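Participant: Sequence:
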Amino acid sequence: MKIRLSGGVVASGRHAWIARPAGPVRLPDGADARPGTPVALGPEDAPAEDVADAVRALSLLVADGGAAAAGAGVDLGAGFRSARLEGARGDQRDAVLAALRAVGLGGAHRLGDRAGVLVALFGFAVTKRVGAAAARAIEDGRWAALHLASAASDVLGPEQLERVLALEAPEGVDLTPGGPPSVLARYLRQVFEELPPPRRLALLLDLWERVAERRIGLARRDARLATQSRRDRFGDLRDRRRHDEDERIVARLRTYLGVAEPSLADAARWIPDKWYWHERLAHLLQDALGATALLRTAAAVADHGLEDGLERSAPVLRAAAALTTDGAAGQAARRVPGLTGLPVRPAAYVRDLVRKLDVDGPKDTRFAGYVRPRLACARDFALVVGDDLGRLMRQTIGARDDVLREWSPSLRSWREAAGYGRPPAEWAGIPRWTAPMLGDAEQLHRRLAPGDDPADVETGADLLWYADLLDALARLYGHEFAQPTPGTGEPWFDHDPPPVAEPLTPRLDSITGAVSGAAQLVALGGVPPRAPRTWAAFTAGLMSATAIAEALTGDFAVPAPLAALDGAAVPGTGVRLKIARSARDVAEWADYMGNCIAGPVYVEEARTGRIALAGLYDADGLLVANAELAPLRPASRGWRVSEIAARFNDTPDEELEQRFGEWTAAIPGAVEDEAAPLPDELPPVRPARRRAAPRLVEEVGPALGELAGRSWTRAVPALGAVAAVAGTGPDAALVRLRRFGGGPQLTGAVRRALDEGAVDLAGLWTASGHRPLRSALDALDPALRDRYDQLPLLLGEPPLPKVLRRLVKLPAVADAYSLDLVARRIRRALGVLALQDDPVIARALAKPTTEPILCALAVAVTCAAPDAGLVPVMPPRTTSVPGYPATALEDEEGPWQRAMPAARELGADTTVFWDEIAEHGLRVPASWLAHGGWAALWSRAHTRRR
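With our numbering, the residue at position 288 of the sequence shown is 980, and numbering never jumps.
Be aware that one or more of the hints could be misleading.
Label pairs and their computed distance ranges (CB to CB) [to be verified]:
1. 1497 x 1031: 32 to 38 Å
2. 833 x 1330: 29 to 35 Å
3. 1293 x 1501: 32 to 38 Å
4. 1293 x 1567: 32 to 38 Å
5. 1497 x 694: 53 to 59 Å
6. 1578 x 1028: 39 to 45 Å
7. 1360 x 1176: 31 to 37 Å
8. 720 x 819: 25 to 31 Å
Keep in mind the hints are simulated off the structure, nothing from the lab. Here the structure is a predicted model, which is why all the values come from computation and not from measurement. Using N, Cα and C, we set each Cβ at its ideal position, and we do this for glycine too.
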């Protein structure tokens, strides 16, 4: 019997067994097994016990080293060796390195003779010194150095490999995650082909240091964030604080009026005095300093361990604790039925920690169990204090500036213990807030004279303490400082700003990722500089090549059937399809994925429309696979997945690959005009005339602009709700919300607008339903729509093809396009809030709403099935929805089917709707049913008319 194995090997006279849940199964010629499946090779007449032991050893090997380890031919005992069936990715060095990591130096003999192992890792030029250095690296567990040396053996000499094998990675940091050595080797050959050998080692050593710095920073960030609770307590804590604020207002009103139960009219006539506002400011200051102390302590504990971190943070904790009395801290920790058990103010936890520090006891697990939960909510306290400060400022600035100017407490005692994170001499405040608070006084950096002690000059009105709070929060996320975000609204600083980098700049998250990014630049025409001394200089030289810019110009010719599915959900997978529109798209994909999708061959084929390049994104927006889609012949037959790969060209998830292939096969093919008779003689070939772009703008622009103008007039009322979300006037609202993008910043803006009553859910839903550009496209001459099949892309997410970018810049079209885009993103933000079971949605549904809103939200939640305490409205496998008026899910004319398009705008994959109904029934979060259950909720949805 002949069994074809990976690497082109044919095993004769042997049999292969694989592990199955029911026990070992022998494969006849590899049938019924995926390509690359790990197998145990042994004699046909082996006893069943030996077969079971060998397959068990194979399973342990694969569990420790992955499927790649089986390809190293590891001795499994009783005459059995591991192998992989034909079709496995990678080469022998991948298998040997994976197996060595699984069996260690003590088990290296199981891979065969030492010389063969070294040749597999480093090629035939390996020396005894390289072998000895490799043995030391294996014994020390320096796998990243061995990984890099094995991959670099194609471009470095033996002496240089010894230097690489001597490298040490920081403890607990992996510099080569993702991608086997063979992938890195291919990229190194591509990158270093034009460089002299002596220069290669210097660049690799510098890259090692740069990646180590980056990985240390990421590890520090992960460790600091691990001190915080995985559960988002912001909403719970905000509700708790507002309840406490309400109680304080009522207590002050009782004291002011001298009555036990003030009437509603008494409350309406009462005007808070300046002492009320000063007390609120003082509490916010104390809360901000307390949260800052907790954040700094959490970061110190993550960096230095529990005992040392607490000792380093003791002065800051004691300074924050001294700002609040025992009575106030006790009141803050008072339990309120129905609300979170967290204290309303961080001072309660700060004082708990100080008391624990003052007790001379063992720093054991009980001590850790007391301390860590009190640090775990530092982030939530910081976020809610920042939110409260913004709310207070909106209530006072412009209306009570005189009250703000009278509040200027000293922070000397705090500064003596906490010091300064930002230089006071450079602090110019937050003009929108500090200007009314300072009055005629100048900003802090102007008031400070040479030799002044900043603590003598600084006051609470400078709001440097607020910047300290956001800086402490930023350090929890691994940043040095929070970054200013001018023009984007409160809180004026971003505590977790995205990395700022030039597009296509190779990332330093791993050595493989950095080298693959450089390889993409080389593939796009980048030329290495003559004598680069550092990795940064090397990549900068590649980026500077004019060929890079030229390669990234021009759009891909995307066939209409695929363009229509851009952004569509792939049924049963949880991923969405993104079609590449230009070389820049695939270059950015390749930078993250570490593959060759941005190579000249792929790009040229996509430019001509012979193939389409696609990315598959999961629910979190992460790219999980790239694919090449090729037409069948003739093209009208449809499409096939000619290639699909995960990150670093790894094998994608088996189920994802299968379902995506089946879905692709059902996509209609490109329509070809086969009716026209062929001429007897072909006309001479004429030079192509690139008039498509200007013709689209010239022919479509005037007609679309006129129609968009009419639709815009009808949509103008929607600008009030949009402006409420943006927090600006109607004229600037669209520009501001487009800058937010479709991510967390917009979701936060929608949440704030609903929470503060700037707009209600029904009003926002109605406003986000206005789509002037879509209405204009629907009214456009069908002949124009058929002639330019790119027009539907105007109703999707950017980036747009160049010709459409020119079209939407026309004054008559620009506003309509912006409102359409912002409206779709607002709907998506509402979907995110619903899936997060955000209290603002539950509170909005406790009031009269509309049937379309409730149906769309319920469908979205049912399809997504989030972990949010869902309650079934009806039993599984039933379609009659309770409540009056009665409805049925399957009624094509009913509200549930009409809600499907809106549910998709909320982010729902409605293809799984009926599967969820069959298994769980229609479900909604329990918080939506708090006011009378489903019957009352359904009734409220019919109280307010659209």
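Participant: Tell me the hint numbers this structure goes against, listed in increasing order.
Facilitator: When the structure is compared with the hints, numbers 1, 2, 4, 7 and 8 turn out to be violated.
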